[in-house]
Amino acid sequence: MSVEFILNGRRASLQAPPDSPLLWALRDEKDLVGVKFGCGAGLCGACTVIVDGQQVRSCVTPVIDVAGKSVTTIEGLNGEVAKAVTEAWIRAQAPQCGYCQPGFVLAATSVIATDPKQTSEQVFSQITNLCRCGTYDAIRLAVGYALSSLQGAESQEKGAAR
Amino acid sequence: MSEGGSTLGRIARRSFLIGAGVVGGGVLVGAGVVAWRLGAIDGYKLPASDGETSFGAWLKLGRDGRVEVAVPHQDMGQGIYALAVMLAAEGLRLPLEAVRATPAPIEARYANPVMLLDGLPFDEAAHGPLKQTAVWTFDKILRVLGMQGTGGSTSTRNISEQIRTAAICMHDMLARAASARFKVPADQLKNVGGAFLTPDGRTATYSELAPDAGKLKPNDIKPPPLARGAYVGRGAPRFDVPLKTYGEAKYGIDTRQPGQLYAAIRHSPRLGGRLDRAVIPAKIAGVRGIVEGKDYVAMVAETFAAALAGLEKAEIVWDDSMASSVSTKDVFAAYRAALDKGVDFKPRWIVDSAGDVVRASGKEIAATYDAPFLAHATMEPMNATAFVTETEAKVWAGHQSASLVQLMAAKAANVPSDKVEVFTPFLGGGFGRRADLDYIVKAVEIAGKFKGTPVQTIWSRAEDIRDDVYRPAAMADISAKVDGDGLPSSFVYRIAVPSVTQQFVARALPSAKGGMMADRTTVDGALFPFYGLPTRSIENFTVDLGIPVGFWRSVGFSLNCHFVECFIDELAAAASTHPLDYRAKLLARAGSYEPAIRAARVLEQMAAFDKANPLPPGKDGAMAGRGYALTASFHSFVGEIADVEIVKGDLKVRRVHAVVDCGFAIDPPNVVAQVRSGINYGLTAALYGRVDFDNGKVVPTNFDTYPLLSLEDAPNISVEIVNTGAALGGVGEIGTPAIAPAVANAVFAATGKRLRSLPLTLGPT
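Top line first, the protein sequences correspond to chains A and B. Going by the numbering used here, the letters in the first sequence line up with residues 8 to 169, in that order. Going by the numbering used here, the letters in the second sequence line up with residues 2 to 766, in that order.
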């Protein structure tokens, strides 16, 4: 039995047991290792993927849950919002060890994409991922950059730390 | 009163067990052998294949025209690969894209003596012949022993001058080759984007010149003192940042080898417990076998999910006959008992003392502080991939010492160490955890049962937290007698704590006998105070109840700086003096003592910030407070100011300002990033961090029971760099020590309550 779904814009199927975690199916079966294992309990967000536009923790999502849905991993991330977010991430030089960063990028992209007119604070409140290097200042800066570029204004964030 | 001459410095009353303990471990290396081996080490050249030209140990020109810089340190987020690229590009006058970093081979040439030299018993101000001789001698021995390592905030200090020198020398060789080719004096050649240009318009690229240049004898050129250049002192975008943003950076856990199997591991739930037996009750799809280790069981399967599922179904019987029944309260009771026993307790080391603390007079102020065990909780859980045959082994893993991986993997695979290949991807965090290589040894043991097949062993988060080597818990009794002016006439510091170095040596190099010596890391942050404390006794009581302890970001500084800086704040309050003014007075009393002068410079900047940015009132009537702490660690000086609010009984850290003197900031934006990182790491510890033990079992298992600082609770952190031109200090760990005391002191400022236990818990208000 296999689970059919859309993976990074293409039809795909997974052979993994339907109740097994999406995280390991993506990593081991599809070799999408940008999806990271952090806690296995939905607590840290390193394994974040976007399912039908929503940020989802793949370590606590059974494979069967994505049947017929569209799953985006960091490898398949594209579009205007994603471009703005990743470019902002690089401009802010956010990553340090970098392990949690794809999860943050996906979380930020899905949150911002729902409403690019949000304030930074509204975006922050919807990101509950954890970063052990404590790159939070740079992540806040990056979110600000991304919103500014999407809102068409090189705004207040100018002159910040980097 | 001054603390002796400014260049004399101080030496501890004890010699210390240093670093890997190898020196105390009876490794005898005759001077003649040292000289002979050093010749070979100094002459080492990076291996070059066809079309490549090696320019010594650090640089070679690749076939594609890009320069490769060899980096013997692991990149665990601190950005050492990017820094190496920056320094090589600057010296070679190349754009960043023309240089790439590659892991250095495992060779003695790439030893990291700096990490171990920091364990010598000298203070910051010592420059005399005794220190020079000791440093020279140990440096040479350590170079011959060739221990590579990343830790102790040393990567930049260890390799930056070597790479700068190599780049300048290579540039000179290329220039001489161009000069010879064109028969034009070198000083008339122009240098443009990786090529030399003659006045009459002829050009030759570095690639074209490399074969000739590589044959020239290098000149002995010293790089100029560090100063602002094309990248140096300004910073440059890190090449690893886009890779990490787009999810393209590969970590140990991302290793994929043909035919690879996966292993899920479970350790004995109790410390010291052994595996009796483990069986798979029935055939499980995808499971290939079970490995019974001494204190663990591993399920090996075709996918990791299958391995995990198999482990859940396995019947495991543990042998608890040797298991520990230690609980957290036993540890603190043992500390209390040791400190109460006082001078009769053994082993007790007076590591630094002056004057007669017994005879000092004044009003006594005393306090007891304590701090818990802490886990590292790197974002990438422990994992390693190993391939073992009868004759060789390969290891793919993040770690903090390639040479130690080679030694330990060889032993575990039962092959000679030169038959072990080590591949090091990016590390998903280190923080000292990956200096202990238990997870690699176990992965090699497991793969050893599947000879000829690569096996990746991944620890669950629970295993990662429960089988850590913890930042030790500690307890400190601190007392001072104060004069009429409120300054201490005596200062007695007694810390009860196990020795990380002692345990590490026993784990990593069981054949080395370190002997009973004091461990400097247990008192780092308390010994050689920069304050004028002319009558003092700094004492260590080594108490070890068998809980595994390891190097945790900033090691002993994370304990001692906290205890000392909170106590100094208590003295300031007792003297009714502003904490910054009180510290200024204590520093002035140290006279021309070099560390006091550097600390005072940082304090001045803190005072300026304090004045320009008064504490905002708490929002909606919340209590607000500002706290200060001043620390020196890894040869850098850091002051931190923390603003806190108490919101409905909850402690919130709103803003942190840090002033940093690391000598010279080669990459200022990255110094800012690292200091912020160190602060947030320390904040997790200050606000939440504790690992408790209950009857030999570790209590927390995941981020619900071992919470990490979140985006929501992370304060805004500003960092101000003071370039003093002092010798390079460390950066990766220096933000951590000052934050817990700054926050604790801010809580006192807000509430009048002294919180003397970590994590900081307000309790009923």
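If you're looking for bench data, these hints aren't it; they were derived computationally from the structure. Computed from a predicted structure; not experimentally measured. Here a beta-carbon is modelled for each residue, glycine too, at the ideal position from N, C-alpha and C. Treat the hints loosely; a few may be bogus.
To be verified - Derived lysine to any residue pairs resembling SDA-like cross-links, with alpha carbons at most 20 Å apart:
(1) K37/A x L309/B
(2) K37/A x V88/A
(3) K218/B x A187/B
(4) K251/B x E82/A
What the hints assert, rightly or not - Derived contacts from chain A toward chain B, CB cut-off under 7 Å, selection only:
(5) S9
(6) F12
(7) G41
To be verified - Derived CB-CB ranges, DEER-like:
(8) E87/A x K284/B: 28 to 34 Å
(9) R278/B x Q129/A: 43 to 49 Å
(10) Q61/A x G230/B: 36 to 42 Å
Verification of the hints:
1. K37/A x L309/B: Answer holds: K37/A to L309/B is near 18 Å, not above 20 Å.
2. K37/A x V88/A: Answer violated: K37/A to V88/A is near 25 Å, above 20 Å.
3. K218/B x A187/B: holds, 16 Å
4. K251/B x E82/A: Since the Cα atoms of K251/B and E82/A sit roughly 13 Å apart, the hinted pair holds (cutoff 20 Å).
5. S9: violated, 15 Å
6. F12: With Cβ-Cβ at 17 Å, over 7 Å, it is violated.
7. G41: The hint holds - G41/A has a Cβ within 7 Å of chain B, the shortest such distance being about 3 Å.
8. E87/A x K284/B: 28 to 34 Å: violated, 51 Å
9. R278/B x Q129/A: 43 to 49 Å: Distance hint for R278/B, Q129/A is violated at roughly 55 Å.
10. Q61/A x G230/B: 36 to 42 Å: violated, 48 Å
Consistency with the previously given hints fails for numbers 2, 5, 6, 8, 9 and 10, ordered from lowest to highest.
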